[in-house]
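*Asks:* The hints should help you fit chain B onto chain A, whose structure is shown.
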Amino acid sequence: VSLIPDLEAQLRDGAARRRERARRRAIGSFATAAGAAVLVSALLLTSGAGERRAGDHRAGEERRFHGPLPVGTVIPKGDGTPPRESDSTVVATGTTPFAGAWQLEASRNFGGRSRPGVPRGRCLALTVLDPPAYEDGTPDPSGGSGFCGAVGFRKTPGFSRAQKNVPTLRKDRGRLFLPKEVLVYGRVPERAGKVVVTADSGIRIEVEPHEGLKSIRGDFFVIPVKPRLGHARINWLDADGGRGSRGIALEPPVTKS
Amino acid sequence: VDDTDWRRVSDDELLRRARREPDAFAAFYSRHERLVLGFFVRRVGDAEVAADLGAETFAAALAAIPRFRRRREPPTAWLLGIARNTLAMSRRRGRVEARARRRLRMPRLDLTDEVLERIEGLNGTALELLGGLPPREREAVKARVVDERDYTEIARDLRCSEAVVRKRVSRGLAALRDQMEETK
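Chain order of the listed sequences is A and B.
1 is the number of the first residue of the first sequence in this note's numbering; add one for each residue after it.
1 is the number of the first residue of the second sequence in this note's numbering; add one for each residue after it.
Think of the hints as simulated: they come from the structure by calculation, not from any bench.
Each residue gets a CB set at the ideal place from its N, CA and C atoms; glycine is no exception.
Among the hints, erroneous ones may be present.
Stated by the list, open to error - Below, a sample of chain B positions facing chain A; criterion: calculated Cβ distance under 10 Å: (1) V9; (2) D12; (3) R16; (4) A18; (5) D23; (6) A24; (7) R34; (8) G54; (9) A59; (10) R69; (11) A88; (12) R91; (13) P107; (14) D110; (15) V146.
Unchecked claim - Simulated crosslink set (DSSO-like; lysine-lysine; CA at most 27 Å straight-line): (16) K155(A) with K167(B); (17) K194(A) with K226(A); (18) K171(A) with K194(A); (19) K194(A) with K256(A); (20) K142(B) with K194(A); (21) K194(A) with K77(A); (22) K194(A) with K167(B); (23) K155(A) with K214(A); (24) K171(A) with K256(A).
Next up, chain A with everything else stripped away, as it sits in the complex (with noise of 0.2 Å):
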């Protein structure tokens, strides 16, 4: 006999609801991601990086920016801007104060004469949908940015970590132009409680990852950070806020050059 027969008849229903939410939204996401197959080519050509106007992107209302797609949503081998190398599957969205809308997009890499130098294995690439342009109002071309394979963290299985600028890093006659966002970015695995990010000037990040989906290994992360934060590393904590790896540090311009 439960001390609080309320509470446990209150979990049950929850279970219950939960359970009905969670067998909706598998038969929702193979609909959407059936139509979002034959719709996605035109919505990435709609929201390519030559389209987009310089000067403060959040001002536009004449932008043509599109959101992200659905998590689960499949673009096919051949589609989107740039052409995908194979099928790339959206695997976390979200939006962050200055790059704004992001997509995460998981695939593989099969090798082959195509990718030259490309490491096999399982890739991870981040599109920010809408980039900023630079303070001078130069457009930022530059919106994704990717790896394959787990090339130097085979120390963290399961974690990896990469860096996007935002905008990108550009020196441009003898005046640099710093990024204002860094997009720290990567794969956790699905135990990961919390995902969490530390610098030597005590600044402390945590985030919750984003739960991956069934048919791909692991859950996800994208943390915004500032450059210049110092020396700092990133790691995974479980659920009992356990160190998850030895952590990886990050790179420059977070840590100073």
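*Replies:* Positioned in the frame of chain A, the structure of chain B alone reads:
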């Protein structure tokens, strides 16, 4: 295993089945409510607050079930980890965290004096039972659950490996749970 006899189902199995069977989570709650409520009432000293924190902990556990994977530690350690986070978050915000309950649309708990008395009665029960554990397990459970220390630190102090500490905590918690079942 008889589907309706949840007493014979392990914690790991209960959590696995809870994704599809609401009764499995209700059984998990029923099995561990005393452990969690006792954990809170000892820390906050107020039965009503302990009940709210307990409700939030189990709601957060329910939400985290898709992430739950079998690990070296028993599910009770996972549950107490959520309880510790709930308490820390509530202290930081100066109010009892209710985010997980809101997501599940759980109404506010209506607690009778009798229920509150029973929760207050848990204050000390687990500590008393702790005294009945073999010394090594008692030391490990106290360090991990009561003092909330890291496994690494405990292993250093007890001069043994982390794996040994985890095993002692696991056995100790299982024994405590059995004893609490008996005192129901």
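*Asks:* None of the hints should be skipped; say for each whether it holds.
*Replies:* Right, here's what the structure says about each hint:
1. Interface restraint check for V9(B): the shortest CB-CB distance to chain A comes to about 15 Å, outside 10 Å, so the restraint is violated.
2. Violation of the interface hint for D12(B) is found here, the shortest Cβ-Cβ separation to chain A being roughly 14 Å, above the 10 Å cut-off.
3. Taking 10 Å as the C-beta cut-off, the interface hint given for R16(B) is violated, the closest approach to chain A being about 13 Å.
4. A cut of 10 Å between beta carbons decides the hint on A18(B): the least distance to chain A is about 6 Å, and the hint holds.
5. Interface restraint check for D23(B): the shortest CB-CB distance to chain A comes to about 7 Å, inside 10 Å, so the restraint holds.
6. Taking 10 Å as the C-beta contact cut-off toward chain A, the hint placing A24(B) at the interface holds, the least distance being around 8 Å.
7. With a cut of 10 Å, the hint placing R34(B) at the interface with chain A holds, because the nearest CB-to-CB distance is about 7 Å.
8. Proximity of G54(B) to chain A holds as hinted, the smallest CB-CB distance being about 7 Å (cut-off 10 Å).
9. The criterion of a C-beta within 10 Å of any C-beta in chain A is met by A59(B), whose closest approach is roughly 7 Å, and the hint holds.
10. Hint on R69(B) holds. Least Cβ distance to chain A is approximately 5 Å, under the 10 Å limit.
11. With 10 Å as the threshold, the beta carbon of A88(B) comes within range of chain A, its nearest partner Cβ sitting at about 9 Å, so the hint holds.
12. Against a cut-off of 10 Å between C-beta atoms, the interface hint on R91(B) is violated, since the closest Cβ of chain A lies about 15 Å away.
13. Checking P107(B) against chain A: minimum C-beta separation of about 7 Å stays under 10 Å; hint holds.
14. A hinted interface residue such as D110(B) counts as satisfied when its beta carbon comes closer than 10 Å to some beta carbon of chain A; here the least separation is about 6 Å, so the hint holds.
15. Taking 10 Å as the C-beta contact cut-off toward chain A, the hint placing V146(B) at the interface is violated, the least distance being around 15 Å.
16. Using a Cα cut-off of 27 Å, the hinted pair K155(A) and K167(B) holds, with the two alpha carbons roughly 25 Å apart.
17. For the hint linking K194(A) to K226(A), the alpha-carbon distance of about 19 Å falls within 27 Å, and the restraint holds.
18. Distance restraint check for K171(A) and K194(A): the Cα-Cα separation of roughly 36 Å exceeds the 27 Å cut-off, and the hinted pair is therefore not satisfied.
19. Distance check on the hinted pair: K194(A) and K256(A) sit about 25 Å apart at the alpha-carbon level, within 27 Å; holds.
20. Restraint check for K142(B) and K194(A): satisfied, since their Cα atoms lie roughly 26 Å apart, inside the 27 Å limit.
21. The suggested pairing of K194(A) with K77(A) is violated, with an alpha-carbon distance near 33 Å, which exceeds 27 Å.
22. Annotation: proposed proximity of K194(A) to K167(B) holds, straight-line Cα distance about 25 Å (limit 27 Å).
23. Proposed proximity of K155(A) and K214(A) is supported: the alpha carbons are some 25 Å apart, at most 27 Å.
24. A distance of roughly 17 Å separates the Cα atoms of K171(A) and K256(A); the hinted pair therefore holds under the 27 Å criterion.
Checked against the numbered hints above, the structure violates hints 1, 2, 3, 12, 15, 18 and 21; every other hint is satisfied.
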